[in-house]
Amino acid sequence: MKRVFVDIDHCIGCQACSAACHYSHNEFRAAIGYGTLREDVTLPFICRHCQEPACMAACPKDAIKKLDNGVIKRMNMLCIGCGSCALACPFGVIEPDIRSYIITKCDLCTARLEEGKEPACVLACPSRALTFEEVEEVGEKQILLGESIKGHHPVFRRT
Amino acid sequence: MGLAKEMEQRESFCLFCSLGCKFAVKVDKGVPLSPEFCPDYPTNEGRLCPKGLYAIELLNHPRRLITPRIKENGKFREASWDECLHSLAAKVNEVKSKYGSQSIGIIVDPNHTNEEILAARELSRVIGTDSFVCSFPPNDWELLCAGIFSSGNIEDVENVNCSLIIGDLFVTHPVLAGRVIDAKYKARGNNIIVIGPERTNTAWFANTRLENRPGSEALVLTGLLKSILNFSPEKGEDIREKLQAIPDEAISKATGLSINRIATAARAFNDAEKGVVFLCPGFKGMRDINLVARFCKLLVDNARGDKSFIPLFTFGNAVGAFNISFGNGGKKFLQLVEEISLGKIKLLIDFGEDLLSSYPSAKVQGALNQLEFLTISSLFNQETERLAHMVLPCASWLEKNGTVNFFDARRELLEPMLEPPGAAKSDLEIIFELSQELATPLDQGKIKQEAEAISREGLSQGEEKPDIPKLVEKINKLIKESTVEDKEYPYLLIASESTAHFTDGSITRNLSWAKEEFPSPFIKLSVGDAVEMGVKDGEKVLVSSRSGEIVLPVQVTDRLQLGVASVPAYSAEIRSIFEWNIDSEGELETSPERVRILRK
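Going line by line, the protein sequences match chains A and B. For the first sequence, my numbering assigns the number -7 to the initial residue and increments by one for each residue that follows. For the second sequence, my numbering assigns the number 2 to the initial residue and increments by one for each residue that follows.
Just so you know, the hints here were simulated from the structure itself, not pulled from any lab data. No experiment lies behind these values; they were computed from the predicted model shown. Hints are supplied without guarantee of correctness; some may be wrong.
[Stated by the list, open to error] So the derived list for chain A, only partly shown, Cβ under 7 Å to chain B, looks like this:
| # | residue |
| --- | --- |
| 1 | ILE4 |
| 2 | ALA12 |
| 3 | SER16 |
| 4 | ASN68 |
| 5 | CYS71 |
| 6 | GLY73 |
| 7 | GLY75 |
| 8 | ARG120 |
[What the hints assert, rightly or not] Some chain B residues flagged as far from chain A (calculated, every beta-carbon gap over 12 Å):
| # | residue |
| --- | --- |
| 9 | GLU12 |
| 10 | GLU123 |
| 11 | ARG126 |
| 12 | LYS185 |
| 13 | LEU372 |
| 14 | HIS390 |
| 15 | GLU430 |
| 16 | SER577 |
All C-beta atoms, glycine included, are put in the ideal place defined by N, C-alpha and C.
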């Protein structure tokens, strides 16, 4: 199961991922929002595609479904735009101002995955902050590199 | 999957900065669908910044101009190409016989292909005028005039031990960020040093921040160079004596940095096995970029180990355009404006440059008002239109054939992704057809040949020896000027770049994502100044300079020093408060503007 990960030690807050999302979902809005922690840190908010998604449980019309590959997808034609999913999401990655039938939730670029390509935000990221990796592998890598990489970012520095 | 096969992938390059990133667009029956990435291209490895991503929106944008228009009785009406070019040619002949051929001017925006700029130059020769200019922004112009081209390799940046960055690199050229940051994390002891008055996105990642007073970058570099010469006594015999004459205290006072701090940074840079210096000046705020570039070169030459210097420009084809327009001793843009305002130029043909948006001073507006006839070619409706007599729809670079030269003079071939929308034509076609109307058709083959000759080998690599006494004299002048205080206009205003907008924003303001994410202009004030003035976030202040005033909402930030304010560079309204002075050497000043800020 591959997911998009953000390495905050690399993120420069240029918002290219948001633009990439916007343009690869054509006329739709970007599914990657931005959070600003103080003025110094801008972080992309990307859907985690949870194993037990709260948004799916909250949806009254079953418009959010779990696909076979684990991707949580919002079925646009079923959505009534009530906003329950945005309220339920523990990570705040779904934009609250949902307009009906307009996607604001990451679909992991399902069409691109089928063609064997990585999601648009990962390929676009100019600072190599976004990676598309197996969940298990990332866990291992973090343990291996944790000492040297973690906490380089000035705001999260551990000193 | 069946659908995917019908689609085609077309490749081109982004000209929104001089790096030259390659990207592709999926096209389905003439409709651009979504961006694609080219991970095999070494410069950007498929990565794109927001500007590169929304270059795609230029294709088929609903507000693109599609028909030529002529102004009649103060209103525009649609016209055919034949009519437009015929009347333009007639006007050219009329003005030529009435005032002489020198009264015709041609302006080309540097984001054209080499062929187009060459053709425009040939057109000016056919007409018989010397007034052919490329409208470089002042920062690019001064950097290009230093005659120093990149001596480094972008792919090599990944392996450097120390990057010295002057300017806001991660905002002006975000695609380099991945390599620079990776290089820092590769081993303990690797450094990023950032010189700049504002604590920018780039400065987050610096181990050493040299937050100098605005406009004193050249002095910081002088300090660095002096320290480096102290570390290695065998180097720099020719400059050592001259530089020692500049007192440390004066540098420290003018830059606002302690000498120890500068020396620490200098040691880190000198000790690194491999190092690189990036210079990416913003549009306003760095003083005497020419001098800064020369000092960067001196620094790289005199430091220990393998060091290289990479200057970066704003415009994609800056290097090619400079070579063509100035290689043969051309005119400078402001000289042309001067001539217009003196009434020497009567007819102006402007390819792609939105003059009123990029130089919105009273002088430029007055100058344009005096013209008898003004023709512009543009992608979108622009500011200058209200003074123009004819507007021609032109093709964007994504719809053109031609060559361009990026920052390292590497030549790339642009191929059209799509046909231009409606009746829009590329400027090359417009120039050829105009030359036919003037009964002196240009030689297409010759232009193509000449464009091919512009390559890495053909460009001078800045081999000329720097004139040290003159540089030192300039440094002393800078030190003297920096101690002068302006009681009437106490604040220093600098322009900060944004990841989303290209120069004055006249093109990018039309694009959906940029408009949504980067709204109206504002002014950033330091916390201390805001407290003193009694303004809070979102409240309005009146900013006035010697050339204009504007009311702006405030953003309070802890990233600026006391007495320094910053505004985004992409807004035309804001640009009107900057003064457009020509310095003693006939170049546009880029030094920070002195302003007064009052609570509204």
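Comparing the hints with the structure gives:
Interface hint status for ILE4 of chain A: upheld, as the beta-carbon distance to the closest one in chain B is roughly 4 Å, under 7 Å. For ALA12 of chain A, the interface hint holds, since its Cβ comes within 7 Å of a Cβ in chain B; the closest pair sits about 5 Å apart. At a threshold of 7 Å, the smallest CB-CB gap from SER16 of chain A to chain B is about 4 Å, leaving the interface hint in force. The beta carbon of ASN68 of chain A comes no nearer than 17 Å to any beta carbon in chain B, farther than 7 Å, and the hint placing it at the interface is violated.
Because the beta carbon of CYS71 of chain A sits about 22 Å from the nearest beta carbon in chain B, more than 7 Å, this interface hint is broken. Hint status for GLY73 of chain A relative to chain B: violated, with the closest Cβ pair at about 20 Å, above 7 Å. Hint on GLY75 of chain A is violated. Least Cβ distance to chain B is approximately 20 Å, over the 7 Å limit. Taking 7 Å as the C-beta cut-off, the interface hint given for ARG120 of chain A holds, the closest approach to chain B being about 4 Å.
The beta carbon of GLU12 of chain B is kept farther than 12 Å from every beta carbon of chain A, the shortest such distance being approximately 15 Å. Against chain A, the non-interface label of GLU123 of chain B holds: every CB pair exceeds 12 Å, the least being about 38 Å. For ARG126 of chain B, the requirement that its beta carbon stay farther than 12 Å from each beta carbon of chain A is met, with the minimum near 42 Å. A beta-carbon of chain A comes within 12 Å of the beta-carbon of LYS185 of chain B; the shortest separation is about 8 Å.
No Cβ of chain A comes within 12 Å of the Cβ of LEU372 of chain B; the nearest lies about 38 Å off, and the non-interface call holds. Even its closest Cβ contact with chain A, about 36 Å, leaves HIS390 of chain B beyond 12 Å, as expected for a residue assigned away from the interface. GLU430 of chain B, annotated as away from the interface, keeps every beta carbon of chain A farther than 12 Å; the closest lies near 29 Å. Non-interface call for SER577 of chain B relative to chain A: holds, since the shortest CB-CB distance, roughly 27 Å, exceeds 12 Å.
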